[in-house]
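Trainee: Going down the list, the protein sequences come from chains L and F.
Residues in the first sequence are numbered from 13 upward in steps of one, following this note's numbering.
Residues in the second sequence are numbered from 2 upward in steps of one, following this note's numbering.
One should not assume that every hint holds.
[Unchecked claim] Partial chain F-side listing against chain L, Cβ under 7 Å, derived: (1) G23; (2) L39; (3) C42; (4) M61; (5) Y110; (6) F111; (7) S148.
By construction, these hints were calculated from the structure, which means they are not laboratory data.
Since this is a predicted model, take the numbers as computed values, not measurements.
Glycine is no exception: its CB is placed at the ideal position from the N, C-alpha and C atoms.
Listed below are the residues making up each chain.
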Amino acid sequence: MKLSTVQADAIQELGNIGAAHAATTLSQMLGSTIEMSVPAIKVIDLSQLGKYMGEESAAMVAFELQGDIPHGGYILFYITRESAVRMTNTMLGMTEINRPLSEMDQSALLEVGNIMVSAFLDATAELLGFVMLPSPPALTIDMAHAAMQSLIAQMQEETNEVLLFSTELTCEEYKIDSDIIMMPERSTLVKIIALLENMVNTS
Amino acid sequence: MIKAVPVMPDHQPQNEQTAMIGIGEYRVGSFPMMTIGLGSCIGLTMYDPNLKLGAMVHIMLPESAGRMDRPGKYVDTAVPLLVNELAALGCKNRSIVAKIAGGACMFEYFGTNLNIGERNTEKVRILLKEHHIQLAAEDVGGKVGRSVTFLPANDGKVSIRRADGTSSNL
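Starting from the given sequences, assemble the full structure and let the hints guide the process.
Mentor: Quick look at the structure:
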């Protein structure tokens with residue numbers, strides 16, 4: 013899977029717009045400033061996944077991409093365990109850091125993930141004129157690699173490499189570090205690239 | 002200043018580097034091997050106590066459907082692959098001891114219809130039986146990620162580590 017510079021730039025811009033909208037919602041929910049990284053596009057061979065995601069404990073809210081393509085891939089809100097505690101503490105007015113994540117934390121995480129991913133996909137749909145809807149969310153709080161690996165295993169199209177585009181969202185005030193990661197199926201990616209190229213050519 | 006000391010499995014002498022086995026990869030030998038973050042994937046180890054040799058593979062899916070490019074990725078190609086590799090080194094099937102870990106369902110909402118973890122586990126059990134290899138122990142299923150360390154030189158010891166920091170021997 014090789015992307016040309018133009019294609020990579022186009023996807024980066026798409027990620028930028030999606031993540032900016034997601035960042036705005038997070039900023040509103042926390043009442044604080046959110047910093048956003050430049051979206052990174054990574055083509056990762058399956059055997060090398062461990063170099064990107066390891067044994068670290070993280071909360072991940074995953075959604076299947078649905079809508080105009082029924083099984084379009086996955087999009088997820090990723091937040092380290094420590095950040096997850098600090099985030100729900102901020103939202104729920106608690107202070108204890110060394111504590112297990114309760115049911116309340118879990119529903120807060122699901123809700124935050126839901127709002128952010130919906131904002132991301134709304135923005136990209138508007139840009140592309142192509143609707144990707146999030147499935148109901150699924151949450152896991154465990155080893156990041158184990159969660160990611162499970163999503164890759166259930167992708168529809170057999171592949172030896174995955175394309176991830178991820179944008180880091182951080183909140184300095186509350187020391188929260190999170191990512192929005194999109195992992196489209198190959199056919200979804202081809203479709204998105206075609207739409208983007210079409211836009212560049214006609215504008 | 003505190004110096005970071007790398008955690009070595011069972012305080013092994015550090016003369017042999019631990020081989021990290023990624024998705025679809027496998028290794029054969031007597032050196033320490035490790036695979037991290039198994040979700041629905043399976044970590045399969047085979048150990049020959051007579052020759053003190055072993056093999057480890059990180060399997061992702063049950064069926065290869067004829068694909069030959071990454072035999073370690075599928076149960077139906079990975080099991081014969083390990084058996085053949087060990088046989089080439091003189092191991093006999095009846096003396097090989099197999100252990101498996103993984104096969105979890107990390108996301109309940111998605112997992113219920115596809116159940117890849119369970120299908121992987123079931124397929125490994127069948128394939129091991131077909132090859133007359135004893136499945137000595139397993140730590141499979143549930144909604145938990147696992148990392149596995151395999152020490153062929155230390156009686157084929159297999160240990161499992163979970164995200165909450167607990168570990169156990171298999």
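Trainee: Does each hint fit the structure? Answer for all of them.
Mentor: Okay, the hints, checked on the actual structure:
Taking 7 Å as the C-beta contact cut-off toward chain L, the hint placing F/G23 at the interface holds, the least distance being around 3 Å. Annotation: F/L39 was flagged as interfacial toward chain L, and the flag holds, the nearest CB pair being 6 Å apart, inside 7 Å. Hint status for F/C42: holds, given a least beta-carbon distance of 5 Å to chain L, under 7 Å. With a least beta-carbon distance of about 5 Å to chain L, the hint placing F/M61 at the interface is held under the 7 Å criterion.
The beta carbon of F/Y110 is positioned within 7 Å of a beta carbon in chain L (closest approach about 4 Å), and the interface hint is therefore held. Given hint, F/F111 at the interface with chain L, holds; its Cβ is 6 Å from that chain's nearest Cβ, closer than 7 Å. With 7 Å as the threshold, the beta carbon of F/S148 comes within range of chain L, its nearest partner Cβ sitting at about 6 Å, so the hint holds.
In summary, the structure agrees with every hint in the numbered list given earlier.
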